[in-house]
Amino acid sequence: MDWRQLWEICSAPDNVPIVGLIPLLAFYIYLAWKQAHANDQLIAQLEADPAMAKTHHRKTWPFKPGWQKEVHVWPFLLRIEFLAAIIITIILMVWSITLNAPLEEPANPNLTMNPAKAPWYFLGLQEMLVYFDPWIAGVVMPTMIIVGLMVIPYIDTNPLGSGYYTWKQRKFSIGTFLFGFIVLWVAMIIIGTFIRGPGWQWFWPGQTWDHNRLIYEVNRDLPDIFGITSNIAKAIFGALVVGGYYVLGGFLVYSLFRRYMGKDFKRMSLLQFSMTQFLLLTMVALPLKMGLRLLWHIKYVWITPWFNV
Amino acid sequence: MADENNPNGKNGKVGLVDRVKEDIQAMKVDIPAKAKEQIEGLKDPTKTQVYTSIFRHKHDDTPRNRALGVLSNVFLHLHPAKINRDAVRYSYTWGMGGITFFLFIILTYTGVLLMFYYHPSKVQAFRDVLYLEHDVPFGKILRNMHRWAAHLMVIGVWLHMFRVFLTGSYKKPREFNWNIGVLLLVFTLLLSFTGYLLPDDQLGFWAVTVGTNMARATPLLGHEGPFGSMLGMTPYNDVRFGLLGGSIVDANALLRSYIWHCIGIPIVASILMIVHFWRVRKDGGISGPAPVMLEAEADKPRRGPKAAGE
Chain A
0 MDWRQLWEIC SAPDNVPIVG LIPLLAFYIY LAWKQAHAND QLIAQLEADP AMAKTHHRKT
60 WPFKPGWQKE VHVWPFLLRI EFLAAIIITI ILMVWSITLN APLEEPANPN LTMNPAKAPW
120 YFLGLQEMLV YFDPWIAGVV MPTMIIVGLM VIPYIDTNPL GSGYYTWKQR KFSIGTFLFG
180 FIVLWVAMII IGTFIRGPGW QWFWPGQTWD HNRLIYEVNR DLPDIFGITS NIAKAIFGAL
240 VVGGYYVLGG FLVYSLFRRY MGKDFKRMSL LQFSMTQFLL LTMVALPLKM GLRLLWHIKY
300 VWITPWFNV
Chain B
0 MADENNPNGK NGKVGLVDRV KEDIQAMKVD IPAKAKEQIE GLKDPTKTQV YTSIFRHKHD
60 DTPRNRALGV LSNVFLHLHP AKINRDAVRY SYTWGMGGIT FFLFIILTYT GVLLMFYYHP
120 SKVQAFRDVL YLEHDVPFGK ILRNMHRWAA HLMVIGVWLH MFRVFLTGSY KKPREFNWNI
180 GVLLLVFTLL LSFTGYLLPD DQLGFWAVTV GTNMARATPL LGHEGPFGSM LGMTPYNDVR
240 FGLLGGSIVD ANALLRSYIW HCIGIPIVAS ILMIVHFWRV RKDGGISGPA PVMLEAEADK
300 PRRGPKAAGE
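Residue numbers (numbering that gives the first Met the number 0), protein chains in the order written: chain A, 0 to 308; chain B, 0 to 309.
Calculated from the structure, these hints are not laboratory results.
Any given hint could be a false lead.
Claimed, not checked - In silico lysine-lysine, DSSO-like type, Cα no more than 30 Å apart, as pairs: (1) K262/A x K299/B; (2) K167/A x K298/A; (3) K68/A x K281/B; (4) K33/A x K171/B; (5) K63/A x K167/A.
Okay, chain B solo, but in the shape it has when bound (with noise of 0.2 Å):
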């Protein structure tokens, strides 16, 4: 542009070399001062868009932050900003609920992987699983952590279980949400179950066998079972015959508890889990340690601090 302040102005027009002139010497200017402007801004990437964009509080430790951090991320806000100062007390806890949840994350995690290496056919299962443990890099470590993890999830729900009772957390307002738990252990078992079979070796075969047997022999519904044969149930149109896909445990039988094991038990045991994972907020958050009741209380409705002796 052609003005007074233009030293090289020359009848109001501007030649091409003049203008890369006086871009280069400008550009001697803006660049460094802006690539001092970012590195002054990279000592503090905090303050940078990026991270604020991701971050939306501080993270000085002070008692806001520390409840923006829980409240502000998706992952950790299913926990409340603060709890009784007694209920992170591992004696009381035991802490089975989190690590069982923790498993079934490990669980999926390995079992994807699992996945992408069996394919669920009479053919390949087998040697599917001889290729996993000789040849499939850490494909030996991957399905015995699939494995183990699998019954430590069993142990795990059962010393959940367990603790629920002996603390009566069952007990008012939490009695719906141990009727989703019992199904979440029913759902665990069945996850259990049907990934026994997948190997399709003798050991899978067999438990499963012995276990679908039973079937049979359902009230009403299976072949074997009181008054199945006068409703009319063979082997061929029985409930054992609608779980396994067949009257033997075969091709089938293998499909129908892949798919059971990786999509339908898994899908619907995640709604359970977001059900009772809910339903512990909003009953209240875990039910204690809660102040003892004394017998003349026993009848009495309980609210107020007055009942906590505080």
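The shape of chain A in the complex, shown without the other chains (with noise of 0.2 Å):
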């Protein structure tokens, strides 16, 4: 166990912030925790009694005829922000005059930095070159992925949870962006932070970056595995192989939505389907390719002449 390069990972100033990253996650997960199950539990107590829940104020925090409503903003709410902003002026200033930012030899494309990292909140994307050819991982990815979050009010059609935390109205919804953006963006610049050493090989944590280190590492395609060897052969394969995927995985989706979803999918049109059908097997998608690439060396699914995915 190397302390001091764990230490030198964890204290490099850049990191500091995923670092704090994860304690803070970790509270407002804990926080917003709280809050569902309070509120599932207030749901399944105004289900099981109707009566109760036609003269039930809604909610769990206490309210009782003839409080107000509403309050004023000044100083109910000012008073927050004020204290807000000097709060996070005194986090600031402690941050700064204790840790400086980081400053490293001038400019030089002569001299290579090993390992190379792209600035932390982009690290996931980096971690993906590993995976994916650059053009998905630095340019369809990223695209996909901003879609994606732009149509999520408009492919979920379920209008409950809407205003207050809840886990059982949305299990779905909420499962899926925990997934999103717990595991594929936030475990991914972990990786890609504390992980992923000189060379950009993995590294546990406390193990010594060893800057001569080589990995025999044979990747192969899975047109190989086949003994598939014709160019054409091998372009028509993978084209099978990943239209399969969306086509049994589309099947998939769409016997679970009937099963388990059936409300929101009955309201759901069929672009309103079919986009989330979409966007969430390319999501899953990528911890497969994943789990490909790391448990069976496999590089590539679908080679062309043009692109290899």
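Fit the two chains together into the complex; they arrive one by one in their own frames, and the hints show the way.
Okay, structure coming up:
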């Protein structure tokens, strides 16, 4: 266990935000979960007791008839905003006094940094470069993330859970977002920051970064395993595999939706549903491809003269 | 002026000396009276013309004045005068949107100060950062604050988005504002990324090299991307060339970064922020905490106090 190496990574000034992000995320997930749990209990109680549902104020916070429903922004909101501004200023001041912003040697195109890392918030994308060619990891995937985020309000047809924390009423959408945000985005950033060392090789936390380490890895392509050698056959085979993944996966999504989310499925138009299918399958494709690479050393699934997937 | 009341009047004519004497007499009465008035006035400055021209209402603690305090102030009137009693609960809001905006203001402020010491040229940039670090009074803390506020802003935007998602706040009627928010997320990351190159050190240089190398692989528009070479893309005319102003990260890239970082993106982001905040109000204020809905009510239109149970 090389504690010094671990300390060097964690205390690199630009890595401090990620070290801070982890407990911050844990705290806010706990805060959200606590309220979601309380709301879910209230919902269950009201579902079981329609008479109570008619008169209840429908929040977990206390409310009695006769209490004012609204409060003045001045001072009840403004004092919170003022406090927040002061606290943030203090945190920034202390942080800026105790920790210096990084400054390396002057830029030198002839001296490559190893590892050369993108800013920490893009490390998830850089980590994807291991599993996908740059045009997917660097261009298509970021575009799909942005477009995917933007269509969320238009494909989530569930009217429940608007304006309050809940888990039971929105299991699918919250589960999907947690998977995308925590597993695919934050976890990949953590891998990119703490695990990836020189040569973008995998070093466990506490393992010394060995700049001379060589890993003898033979990566194969999926068609090779099936003994396909001709270029045309490889292209057709890959198209079939990728196409098959979307067709079969799409069918699986359909049957799961029909069975377990019948009401949501009923509300969705064909366009909404097919968008959901496509985005969900593309999202799941990332960990699948990671698995193929890490477990079976498979590099490409679909090989064509113009692009590889 | 000569008249019968004037004790010094002689033959209807007044001498100059008499006039001065008269004025001095009058002054002895007038000025102390005015001074007294002035001092009386200063005891309550809120009655002065200067004060009332700035503050349009009184400040005694009445509901009317509390409302006016918000509504008659250009910065505060972003808020409504009153909000739902639960909408101020931190456990619900997390305050991340406001914190992000506050960080943007800090970044603008420290950023403008940094601009006074920085030249976006290959010869000067790195030396300017050294100068800031070692010679400029408070230069080091200025740069540190700018850097850490930028990192905090990225985290703030993520947590804000996370909260908005978890509370379903992107649902009707706030779909469009969620989209503005996604664009603001992208611009926040781009702001941070363009700033990364500016110190012109190894860290920024290689981070931006790694980042922009992906643009080579843009389908159709990059010279290494699928179908790129078929469309005549070379390192000297593709999308990466357009981003960097050259085929490598060099002087032009530094200048472009600088202009996007200090002018281009802040303007676009500010405009989007205006729309974002405006839409929060127009879409009915913040989403909650709303009364919980039951399964049976899902497909019924929800209106009136009945649904709220009040």
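Right, here's what the structure says about each hint:
1. Our distance criterion of 30 Å between C-alpha atoms is met by K262/A and K299/B, whose separation comes to about 13 Å.
2. The hinted pair formed by K167/A and K298/A fails the criterion: a straight-line CA distance of about 39 Å is larger than 30 Å.
3. Under the criterion of a C-alpha separation no larger than 30 Å, the hint pairing K68/A with K281/B is consistent with the structure, at around 20 Å.
4. Between K33/A and K171/B the CA atoms are separated by roughly 25 Å; this keeps the pair inside 30 Å, and the hint holds.
5. The hinted pair formed by K63/A and K167/A meets the criterion: a straight-line CA distance of about 27 Å does not exceed 30 Å.
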